[in-house]
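First to last, the sequence lines map onto chains A and B. Counting in our numbering, the first sequence runs from 6 upward without gaps. Counting in our numbering, the second sequence runs from 5 upward without gaps.
The set of hints was computed from the structure by calculation and includes no laboratory data. Do not rely on the hints blindly, as some may be mistaken.
Unchecked claim - Some, not all, of what chain A presents toward chain B, calculated at C-beta under 7 Å:
1. Ser85
2. Ala89
3. Ser113
4. Arg116
5. Leu117
6. Leu121
7. Pro125
8. Ala126
9. Asn128
10. Ser364
11. Ala365
All C-beta atoms, glycine included, are put in the ideal place defined by N, C-alpha and C.
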Amino acid sequence: MSPHIMTDPTPHAAPPHPAQTPEKPVWTLEGDTSAPRLVLRGTWSVQDGGMTPFPTDGLAQAQSHGTLTFDSQGVSGWDSAFIAFLWDVKQAASHAGLQFDPRGLPASAQRLLALLPDAPAPNKAADRKKPPLLERVGDKSLNVLNETGTVTELALETAQGACKTLTGKSGMRLKDLANDIWNAGPSALLIVGVVNFLVGAILAFVGLVELRRFAAEIYVANLVGIACAREISAIMTAIVMAGRTGGAYAARISTMLGNEEIDALQVFGIPVSSYILLPSILSLGLMMPLLYIYGTLIAIFGGFVVSVSMMDISPLGYLNTTFEGVSLTEFVFGFVKSFFFASFIALAACRVGLRAGRSAADVGIAATRAVVIGIVGVIAMDAIFAVMATVLGI
Amino acid sequence: MNAPDTIISVRDLGLSFGPKVIQQNVSFDLKRGSIFAVMGGSGCGKSTLLKSMIGLLRPTAGQILVGQEDYWAQNDKRRTEINHRFGVLFQSAALWSSMTVGENVALPMEMFTPLPPDVIRRLVELKLGFVGMEQAIDLMPSEISGGMRKRAGLARAIALDPDILFFDEPSAGLDPITSARLDDLILTLRDGLGATIVIVSHELPSLFAIADDGIFLDAKTHKPIARGAPRDLRDHCTIPEVMAFMNRQAEISPTDETKG
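Hey, can you work out the whole structure from these sequences and the hints?
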């Protein structure tokens, strides 16, 4: 029987090494088909390009029930690359029905090799293929209905809790409420102020340029006053708060979920609604209308600064026109809207947080989702309010 | 002066958070190929010592010599290079949650080696194969159990073929069988990879089984009070704190026969 000799079909050129050129890894299959012997030589190192694959059918000619032995006398150095190659050999041997006798290998390589299975189990890749369109649509619809129900339930629970708070039986800790009120109110004054000031100033500037053509510059006061009181301050404040507080609520609650804090509350029987949701939603609901009033005044002040510096009008005259032009109903309308915006933002953020997964990536997703839902929802609600106001003639 | 087989030597290390002293006068030599245990009760600063050895917390006094280099005297770039010799298994495995298990193991190789993707893929399969996780390569960390996460963390720790492995509470939160298997795995990897291991733990059975050197940190005096292999400390140490630590467990441990 002629000896079966085979050399490595894909020789790997080792990159030049500054200190010494390592011998490139070479394998040859010797011996007859019943007792093949794999002779290994060279340096098998990942860094020096020693990742040599062993063909899956490399032992196909060998008879089954034979024994594969090794000769590693010529191996001058090795690391993971060597083990990766030997694992391939081990799998090929198991496939060809050969006994695998690793005794000719370095002792530590034998130990590592013993950890590796003959035939790796197939990947347990999670089933991530998309279901058919109809199934997805149905799934989404059911989800939307389910969510609507859950959010309504949460809203009712919170409203109930708020009523109980008035009688002092809600189970909410006043310290949490005070903390949340501070975060949702006073600490947001600066950003709400800056945004509204600039918006008021921009409105006045654009208004002045346009109205000057009709010699109607004085109506800038009405323009800024009405636009801000009725729409813009309410929306800008809501958008700022959706990004600031809504995102924070979602991130906080989803992190609590990841730390099993929510589970701990549930085990104690502390209702999540009164411990987390009520202070969050209540504080934003209480604070945002006030922030809205503050924002409107700042916006009017922004318009005032631009107008007084750009046109011939006495500061007093501008303020007079504003007070005459902007009726109290505009403020009431904006105030009521702000309350609804705030409740929506807080409720949506809490719900998104409670639904989130438990990993760091999920916290990011929850915060993003809460902000997006908050902003889109606020603008959609504002459109509904505008239609209702037109119909009712407010 | 370092003995030639010393891989890390810690000299008079002091650790503190502001005015609060955690440990002081910590000195020991880590011998190549040994499994070194950092022991002590909760809150004695075991994990803090580990953090200062892997570059997360600057010590307030003393030196850590890695080879001949003073680790904390190097600039950030050089320290990162030294860190490539380290593999760390964190207490909660600390797998990056937005990546699959395979990507977790592959990331250090992608960042720090010029290897082509197919070679990286084979190496990832190999490292996961060592810990018996090759079938979970495409799963997300949230889809696997705590013990599997630990093993995946171990596969990530050995991704760059480090010569020093740091384990922070490797068997915390694992059942005894999984924990014993992990001990075997640690021993096999030490022998197979030729790595040196530093292990922070108060799991006594596991320490007795695998550690061959160690240091005992005391929470009250903020100093190390005993040196030696946990087995020897258990059998021969007469310091009351160390005896209490070893004995309290030994009373309920089935490996009690060796006690006098």
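Results for each hint:
| no. | hint | result |
| --- | --- | --- |
| 1 | Ser85 | 6 Å, holds |
| 2 | Ala89 | 5 Å, holds |
| 3 | Ser113 | 5 Å, holds |
| 4 | Arg116 | 5 Å, holds |
| 5 | Leu117 | 4 Å, holds |
| 6 | Leu121 | 5 Å, holds |
| 7 | Pro125 | 5 Å, holds |
| 8 | Ala126 | 4 Å, holds |
| 9 | Asn128 | 5 Å, holds |
| 10 | Ser364 | 3 Å, holds |
| 11 | Ala365 | 5 Å, holds |
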